[in-house]
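**Q** So you can see what is in the structure, the chains are spelled out below.
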Amino acid sequence: MTAHNHAHDGEDHHDLPAAARVRRLEERLIAAGLASDEEIDAYLARLYTSATPVNGARMAARAWTDPGYRELLINDGNAAAAQFGFGELGYRLRIVENTPETHNVIVCTLCSCYPVSLLGPSPGWYKSFAYRSRTVREPLSVLAEFGVALPEDVRISVWDSTSEARYMVLPARPAGTDGMTAAKLAELVTLNGLIGTALV
Amino acid sequence: MSYAVGDRVRARAGDPDHHTRLPRYVRGQAGQVVALLGDWALPDASAAGVTRKETCYAVRFAAADLFGSGDHSVTVDLWESYLDRA
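Chains as they are written, first to last, in the numbering used here: chain V, 1 to 200; chain X, 1001 to 1086.
Isolated chain V (complex conformation) (with noise of 0.2 Å):
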């Protein structure tokens, strides 16, 4: 393993003890004959290409077209993530829906959960020290940093992702796209917006 971890901004995980522990234990898995670097290697790059934030806008783009869709999103995301090819997530997927009340947001204060699956790998913004201590204690602020002002009137719900959950934002379907088809709505869905850190 070597080309995956080298990009991302902000802090340089390479020097955390974590990655150390990381390297270690991968050493001790090829040296106890249990798994190759290539096979380490092969996982790695089918995670890295399969998981991308395509999968989860084209989820959110199907609930804005599909009622029918958007209710199972919400009420079971392991049975809607099953119908795009995810039926093995080995967590509990919850999608959080943005409405004219509410704006959600997702974190991970103790590490850096997430849907990696549907999302793609997490970002180092995810994942610093800043995101995670701030965006349960001042989200406003974080959110301002991220561009998103919201009217006065929205509550901000943020969700911990502290257990086997992993949580989703549904962006609220943005105004003047009438009539598009799922495949156009899905190109407009970002990451940051199905984190929570941007409105779409």
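Hints may contain errors.
[As the list claims (entries may be wrong)] Distance ranges between label pairs, derived from CB positions:
| no. | chain 1 | residue 1 | chain 2 | residue 2 | range |
| --- | --- | --- | --- | --- | --- |
| 1 | X | D1039 | V | A175 | 39 to 47 Å |
| 2 | V | I30 | X | V1050 | 23 to 31 Å |
| 3 | V | L47 | X | E1080 | 28 to 36 Å |
| 4 | V | V22 | X | A1035 | 27 to 35 Å |
Just so you know, the hints here were simulated from the structure itself, not pulled from any lab data. Here a beta-carbon is modelled for each residue, glycine too, at the ideal position from N, C-alpha and C.
Starting from the structure of chain V, add chain X where the hints point.
**A** Structure of chain X alone, referenced to chain V:
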């Protein structure tokens, strides 16, 4: 003891001498159960090599209670043994 959506619960206040996923900022604070998340291995037990499944709850706290200010809410997923009825 198990809880239902709408129940008021309080996160345990102590500082355990073992691994836990009960964040410090909610310890001792009261909130409301907003969802049941199913049964999952308790991390505190897993860290000791024991698999012990417990019900997990999404518990919503008011930021003003946690931090003394803020109009927002923070929802934290907490295992049953992290909670007492409030």
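**Q** Hints first: check each against the structure and report whether it holds.
**A** Hint check results:
About 42 Å separates the C-beta atoms of X:D1039 and V:A175, a value consistent with the hinted range of 39 to 47 Å. Distance hint check for V:I30 and X:V1050: the Cβ-Cβ separation is about 29 Å, which falls inside the suggested range of 23 to 31 Å. At roughly 32 Å, the beta carbons of V:L47 and X:E1080 sit within the given window of 28 to 36 Å. For the hinted restraint 27 to 35 Å between V:V22 and X:A1035, the CB-CB distance of approximately 33 Å keeps it satisfied.
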